[in-house]
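Chemist: So the protein lines, in turn, are chains F and D.
The first sequence begins at 1339 in my numbering and counts up one residue at a time.
The second sequence begins at 633 in my numbering and counts up one residue at a time.
Don't read these hints as lab results, they were simulated from the structure.
It is possible that some hints are incorrect.
As the list claims (entries may be wrong) - Only part of the chain F face toward chain D is listed, based on derived beta-carbon distances under 7 Å:
#, residue
1, Glu1429
2, Thr1432
3, Thr1433
Just so it is clear, the structure is predicted and the values come from calculations on it, not from any experiment.
Note that CB positions come from ideal geometry on N, CA and C, so glycine has one too.
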Amino acid sequence: MPPVRTTVAAQLENLGLAVAFVEEAAERAGLGHQQTFGLLVAVEEAFVNICHYAYQERPGDVVISCDVDDSALVVELEDSGPPFNPLELPEPDTTAGLMEREIGGLGIHFIRNLTDAVSYRREEGKNRVRMILQRVGVSTA
Amino acid sequence: MEIQITQEPKAVVLTITGRLDAVTAPEFETTLRNLIDQGTHQVVADLHALDYISSAGLRALLAVGKLLKAKGGEICFANLHGTVREVFDISGFGSIFTLHDSPADALAKLG
């Protein structure tokens, strides 16, 4: 299957478009319900991050690409904002009680925990966050 | 997302249907703030029809939980199914909120 790619304006109202695009790729890759749900949460977190932080000076786009090979689905979100590595954000304290719990920081925790691998690259003036989901038990015959 | 609100003698029961994400979470928070302003202190959220929740949804639940606790009340949850349950577990939310099998169970525990 050839890789697919879409470009949407980095605005919260486009979250539905971004999620639908990745959901279709997850279906083509034959991911299960649980895995797809986790991927979509991770994609939302990455997308929302870009909407909030990448384009504070001027509007811009998010480029989403999905590539399926024999073993995995690779989803990449790209923006042209200033260098920003979300993987360097601190991990939240997931053991704090209700009143001590900070409102925030969970997004990156989900990206790490709901995908099989995540990486960040800064290249060609772009931030690229890549998430990999293994295709478990999918027949490639 | 849709929120169905049922006033029971001991608590307000919310049935949340659809997606609680970065787009819908502000609406959820506004609805709950209005209920709290009108005097609601005990909330049972029935999640059987919740298809999806992200960190933005959890943040709204946390904000509402803190607000209620500050007023001596509480939000608890019922009917968490597979994937929603997983998100609660990964975030540690399963241990900061009380989870029940059903709204009836939650109401009974309110005594």
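Chemist: Against this structure, judge whether each hint is valid.
Modeler: Status of the hints after comparison with the structure:
Among the interface hints, the one on glutamate 1429(F) is violated; its C-beta lies about 11 Å from the nearest C-beta in chain D, farther than the 7 Å criterion. Interface restraint check: threonine 1432(F) against chain D, minimum CB-CB distance 3 Å, threshold 7 Å, status holds. Satisfaction of the interface hint for threonine 1433(F) is found here, the shortest Cβ-Cβ separation to chain D being roughly 6 Å, below the 7 Å cut-off.
Consistency note: the structure conflicts with earlier hint 1 alone.
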